[in-house]
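Protein sequences, first through last, are from chains H and Z. Numbering-wise, the working numbering comes out as the position in the first sequence, counting from 1, plus 35. Numbering-wise, the working numbering comes out as the position in the second sequence, counting from 1, plus 35.
No copy is singled out in the list; a pair is fine if it fits within one copy or between any two copies.
Capping the alpha-carbon separation at 20 Å, the derived lysine to aspartate or glutamate pairs in EDC-like fashion look like this:
# : residue 1 : residue 2
1 : K46       : E338
2 : K75       : E186
3 : K108      : E452
4 : K309      : D268
5 : K46       : D358
6 : K95       : E348
Hints were generated in silico from the structure; no laboratory data involved. Computed from a predicted model, the values in this text were never measured in an experiment.
2 protein chains.
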Amino acid sequence: MSVQGSVHEMKRIAPGMAAVSGEMKNRALLAVAEALSEKKEELFAANTADLKKAAENGLKSAVLGRLKFDEHKLAACVEGLKQLAALPDPVGRVLLDRELDEGLELRRVSVPIGVIGVIFEARPDAMIQIAGLCIKSGNCAVLKGGREATETNRAVFGVIRDAVAAAGLPANCLLQVSAHEEIDELLKLDRDVDLIIPRGSNAFVRHIMENTKIPVLGHADGICHIYVDEKADQAQAVPLIIDAKTQYPAACNAVETVLVHQAVSVEFLPVLVKALRDAGVTVHGDEASAAIVTLDGPCLSGEDYRREYGDLEIALRIVRDTDEAIDHINTFGSHHTDAILTEDDAAAEHFFSLVDSAGVYRNCSTRFADGFRYGFGAEVGISTGKIHARGPVGLEGLTTYRYQITGHGQTVGDYAEGRRAFHFRDLP
Amino acid sequence: MSVQGSVHEMKRIAPGMAAVSGEMKNRALLAVAEALSEKKEELFAANTADLKKAAENGLKSAVLGRLKFDEHKLAACVEGLKQLAALPDPVGRVLLDRELDEGLELRRVSVPIGVIGVIFEARPDAMIQIAGLCIKSGNCAVLKGGREATETNRAVFGVIRDAVAAAGLPANCLLQVSAHEEIDELLKLDRDVDLIIPRGSNAFVRHIMENTKIPVLGHADGICHIYVDEKADQAQAVPLIIDAKTQYPAACNAVETVLVHQAVSVEFLPVLVKALRDAGVTVHGDEASAAIVTLDGPCLSGEDYRREYGDLEIALRIVRDTDEAIDHINTFGSHHTDAILTEDDAAAEHFFSLVDSAGVYRNCSTRFADGFRYGFGAEVGISTGKIHARGPVGLEGLTTYRYQITGHGQTVGDYAEGRRAFHFRDLP
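Please construct the entire structure, taking both the sequences and the accompanying hints into account.
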């Protein structure tokens, strides 16, 4: 069947998937965990084929590392599925319970979104995690993994699909597409797909956002800032910035720009730059910074600060005060995660209330922006949008809600014409 | 200044508007209420000019009625603004408070969306209500009213703008655009406008949805259903359906199609059709209905049921069972509001769990789908989308959230490498 036909059929079965009990969804998650363990040799063999091909194609060792699917990663996936099964059902939660009038009760109840398309990078463990999140949240999902992991993904998907069907979930509640052209086909299905979650390079995510009418959850850029205030604990600031830059430089929540209050720049910058260089980081900066420390490359200004290095490179800028730091972040940032380092409560409060980002932090690393670290169990992605879920998106972001009213024959005319009146009483 | 320039400037001041205290926002709302009362003669004079022109252009009396702005409507608007001022601040609510580790606290806090474009129909009172909702929720707003109300809207907007500025809110936190071409200009500003809320005809809303990359909150169609189950209380069903069709036939939540269980169709349809005809409703239906009652016009089937009459016209269809009713609603409906009439708890439960609509009702009129009737104070529109707010959208739907973390120098490396561990403790 064509992608269009399969997805249209998926939309039709989505209400049934949404109505599956929490118990059955948990049984399916555990069945998937068990099946992956049982069939592991098959999965490792497929992965070996992918790795061989990737090595032949000269892929970088970092990519090969992400592509590799071994006992260690399998164990983490199995553990993740078990943890997911142990979480409360995100569907069917009563979010509001209000008596509008005697015998007329309004409820807001969480429900799955419906059909979700997830397009993700090379890591085969991503498919297991994302499929798990979709099952637990009662969504149907179209999964498209990275080309480098074709064989592994095919094997992993086959195991998941069979286990899910055997556990009694609607057949075809999960679908894998593998050809790159099928992404474009998927993006056109705005009548049947409720949400697209792309995970990948900035250019790829931007391509998706610009080529579909389906709502897209995610982020293209991750230009995160750390602002070192006049009242920062400087000894604490240095290892924190090193962590935010070097702990995983390719991550979207790694810091790209450090803004330093002018009053402490002469004292702080030399110490910071030495520590950055010791950690192997290339250091760029504005003219004012260059007057204090030696920088790599030409001085930066304006639009230069829109760059996401995604590597061991960082930009510095000296700012007049907290307001200039906030203005820089709101202008050149990507509304992802931005931190202030300060011992001054008023400055932190000011920063928290005016920085227009999904995450605003005080005195900790921007790298904390992550579903696991927020205690969400897992994340399907990080959103910088303001409509629907924002920041790390876990199970809750894969649900929406529905209003239910149960009455006893009430008509609106009685209320509009004053024969009856609402009393709006929230129920416990 | 061009619309583009003004909206870009608005985006810049949006974080400041978002940070305005609840007290100041309430003061602004009361100042607007007072100013509208003080300047009422000016507003009524502008409205008289609009009404005169509309009458000359031969507009229908229903439109003239909506266009009229008199003492009665002013009083309702003033009362609405006072009620809004009395509501709790939707911004700054702590939605999650979690200690990730000793001295590392995560909070999810509600914040305004930012810049919202609202395009609404002729009613001048809509501008007052929408401006009030945007002020209360801390959003900047671009307002575009209907052409017929040009003079009234201009006068009303002038009063609102001056009162808001005098109350100390950021100048230009509200902007009015009046030319129709400016809508197209607005729709292109996806970098500066966070959300568009269109209210108007189906064709107009669909035009907006198809011509912008900005997220759109609302609905094009309002094809609502009432399903009369085998176990319905038939005496209750008749006045309820009459209310849902005739109380305000042009409303999006008026019923368009009545589905009747085959087991009760011979008994119920003649009674229903008589009552509908007595209420002046034209009655269409499928072949099976035509075998029981006399219908107006040719028999309906398939795609005919996608029609939103928006008038004193209704469609009937006989269904085999609840599942066929659900399937009809999910296929031909607009995911707005759909009701089951039944005394059977299991059938109602089944309907509630499988109908994929923003509102699912039991034993009451679909006309209850409304922000006021849900106790939200007011509504900015009704959304049939699944991303962000759904159903009647009040203040809460005009907010999003932001994550805040306050730490004491924590780095991610310590957690990634096992030197520290999260304990995830939700705080009361």
